[in-house]
Amino acid sequence: MNRTGPIAKTLQYLALAGYLIFLGFPLVWMLSTSFKPPREMVEIHPTLIPHNPTLDNYVEAFTEQELGRAALNSLQVSLSTAVLTVLVALPASYALARFKTRLGTAALGWVLLSQLFPFVLLVIPLFLILRQVDLVNTHVGLVLVYVVWALPFALWMLQGFVRNIPRELEEAAAVDGATRLQVLRRVVAPLLAPGVVATSLFAFISAWNEFFFALVLLKSPDLATLPVTLARFVGVEGIARLGPLAAGSLLATIPSLLFFAFLQRRLTSGSLAGAVKG
Amino acid sequence: MLRKLVAVSAALLIGLSGCGGGGDDEEPSSGPVKLRFLSLAWQKDSLAANKELVDKWNAEHADIQVEYVQGDWNSVHDQLLTSFEGGDAPDVFQYESAAIGEFAKQGYLADVSGLLGGDFKSEISQGIWDTVTVDGKVVGVPFLLESQVVLANKKLLDAAGITVPAAGQGWTWDEFQANAQKLTKGGTYGVAWALKSPTNRVMNLSLNFDGKFFYTDGGKTEVKVGDAEKEIPRRIHDMLYVTKSASPDAVGMGGTDPLPGFFAGKYAMLPGGVFLRQQMVEQAPAGFEWVTLPPIKGLSANQAANPQTLSISEDSKAKKQAAQFVEYFLNPANQARLAQGDWLVPTGKKAGEELVKATSGKQGWDVAVASANDLTIAPFQTVSGYPEWKTKYATPALQQYFANKITLDQLGTQLVDGGKQVLR
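Here the protein sequences come in this chain order: W and Y. With this note's numbering, the residue at position 89 of the first sequence is 89, and numbering never jumps. With this note's numbering, the residue at position 402 of the second sequence is 402, and numbering never jumps.
Just so you know, the hints here were simulated from the structure itself, not pulled from any lab data. You may find that some hints are simply not true.
Going by beta-carbon spacing under 8 angstroms, a handful of chain Y positions derived as facing chain W [unchecked claim]:
| no. | residue |
| --- | --- |
| 1 | W42 |
| 2 | D78 |
| 3 | G261 |
| 4 | E282 |
| 5 | Q283 |
Using C-beta positions, here's what the derived DEER-type ranges look like [as the list claims (entries may be wrong)]:
| no. | chain 1 | residue 1 | chain 2 | residue 2 | range |
| --- | --- | --- | --- | --- | --- |
| 6 | Y | A99 | W | L112 | 32 to 40 angstroms |
| 7 | Y | A159 | W | A261 | 56 to 64 angstroms |
| 8 | Y | A48 | W | A261 | 44 to 52 angstroms |
| 9 | Y | G187 | W | R69 | 44 to 52 angstroms |
| 10 | Y | A99 | W | R69 | 29 to 37 angstroms |
We put the beta carbon where it would ideally sit given N, CA and C, even for glycine.
Starting from the given sequences, assemble the full structure and let the hints guide the process.
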């Protein structure tokens with residue numbers, strides 16, 4: 001058996017710490033910037049801790065743009081997208097994983113291919129279709145677009161999780177007298193929970209961060225989502241109002257962090273270990 | 001679990017349909033005319049001015065109500081293109097003259113020449129109206145201009161015995177270069193040329209020496225790089241590598257990147273757009289004295305005018321009312337206020353006068369407003385393949401030249417060859 005020596009272990013921890021710093025630095029810098037007055041942002045030797053911390057950036061961000069309402073809009077749209085995506089992807093992924101047909105194979109191919117289309121190519125036909133059904137400038141229309149956009153990848157993810165559930169478990173339940181629906185509900189569904197959580201996280205984050213469809217499909221200021229609202233702090237030639245932008249962006253990360261924190265404990269793996277005799 | 005998902009989903013959808021708006025607003029058969037105005041204001045004061053003027057209009061015009069919609073510069077092109085194609089464009093929208101030509105050629109923009117009053121039109125010079133005239137139609141109302149000036153560290157100028165020129169009496173390029181030389185000492189460079197995106201700056205300043213770059217003959221446009229076109233790149237290059245009065249560090253920087261160095265006294269002068277003055281006011285350290293120097297002169301002080309504009313969509317059902325709103329929004333007092341909020345120059349003569357009076361010419365407003373007289377339409381603004389030429393050929397070639405990787409003749413050859421690839 002290989003045992004990791006103290007030096008190797010130290011190096012591993014150092015590497016991990018370095019990676020965490022690399023990941024966390026932008027967030028820390030954003031936090032620092034959000035409390036800096038404008039003069040401190042252009043110092044030739046910038047500091048991580050502001051000399052004269054201020055809340056002005058937060059006040060500006062909230063008074064000029066309706067960030068609170070935009071956050072609520074984003075939350076509503078993203079949660080709906082996550083739930084609907086899972087609802088649609090769950091049965092479809094089960095069918096794809098369990099029933100081997102030519103149609104299923106073709107469907108998987110199409111799912112992969114659909115990922116190649118760029119947003120810009122799709123947005124005008126999409127706009128025209130949604131306009132026909134009176135769904136432009138509504139959150140319902142936007143959620144539908146997000147669900148359709150997230151579905152291919154969600155299908156891929158979930159069908160992988162379904163494949164990992166041994167068929168023998170379903171067969172054993174059937175032998176014990178469970179109906180097909182009971183098998184799905186009592187055996188498959190609980191074992192798929194980590195997959196459902198992972199998929200919903202993916203769908204939530206993709207909707208939470210999406211900018212272009214929200215920009216084009218929502219016209220009323222009351223309906224704007226967070227990414228669209230935050231973009232208003234960036235002006236011509238890439239010049240940004242860094243203070244309010246950092247303050248707004250920092251606040252924008254909080255709901256997704258909470259969503260992660262809430263769901264991550266359900267992201268357990270290994271629950272199937274030993275379920276079936278090898 | 002499935003049951004829970006279904007329940008949550010249903011609840012969310014019901015919630016969404018309840019508060020998500022009810023689709024496109026139908027034009028009511030009676031009641032006030034409703035206009036949608038897409039604004040690109042993003043500076044604090046400008047935002048406040050825009051919203052306040054719209055509110056004021058709405059309070060005074062019960063029969064024509066304007067909805068203020070906030071856009072942003074980085075995505076407005078795609079946003080507008082999609083809404084034009086989808087038949088759902090805002091009635092009035094803000095953009096810039098160089099960008100609306102493409103929309104005008106596709107028939108998306110209304111001709112406003114017959115919708116605006118004579119007094120309003122006469123406030124703006126013909127050279128500026130030319131920038132928004134496409135195939136004989138006036139497709140936008142120009143209202144904010146940006147010119148290239150030079151911001152300078154006053155203490156360093158004083159220490160070198162250099163007098164600040166008055167508005168409208170800028171230095172010649174020879175004087176500018178000589179003064180930059182004088183200011184280069186003790187770890188300080190005379191100038192920081194931020195040349196990360198050099199093409200527009202070179203195209204603009206080349207008009208100082210009548211450098212046109214684009215020549216059209218018999219309907220065919222080609223790029224020519226003669227002595228006039230070489231003058232600006234050569235002079236900047238000389239400052240960087242011959243006289244060494246310009247900092248080579250700044251060459252790869254964007255417009256505002258040299259500010260920390262400028263504030264720290266590393267660079268004495270910073271050429272840039274008039275809007276940079278706002279960064280001075282907001283970000284300069286206490287006690288830092290700065291001045292705005294007028295545009296530099298060659299054969300003239302001409303620069304290209306690329307005004308911000310307000311256009312009316314061809315599909316708008318209320319063009320006449322939209323034009324009424326535009327005239328109100330851009331009356332001299334309002335225009336002066338909008339210009340002050342954005343730190344740009346108003347196109348209207350009276351607006352400029354009001355602005356100088358209101359600010360007593362401080363913070364470079366006298367210089368900024370006077371610089372508007374030298375702004376005119378430039379050949380590159382009407383060439384349809386310009387954006388592609390700029391991105392694929394001009395910018396990389398100029399970056400190489402300013403990094404001292406190729407010669408001036410090689411630069412000329414690359415620009416001409418690039419023109420052959422993309423221009424028709």
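Results of checking the hints against the structure:
no.	hint	verdict
1	W42	4 angstroms, holds
2	D78	7 angstroms, holds
3	G261	6 angstroms, holds
4	E282	5 angstroms, holds
5	Q283	5 angstroms, holds
6	Y:A99 - W:L112: 32 to 40 angstroms	37 angstroms, holds
7	Y:A159 - W:A261: 56 to 64 angstroms	58 angstroms, holds
8	Y:A48 - W:A261: 44 to 52 angstroms	38 angstroms, violated
9	Y:G187 - W:R69: 44 to 52 angstroms	50 angstroms, holds
10	Y:A99 - W:R69: 29 to 37 angstroms	30 angstroms, holds
Checked against the numbered hints above, the structure breaks only hint 8 and satisfies the rest.
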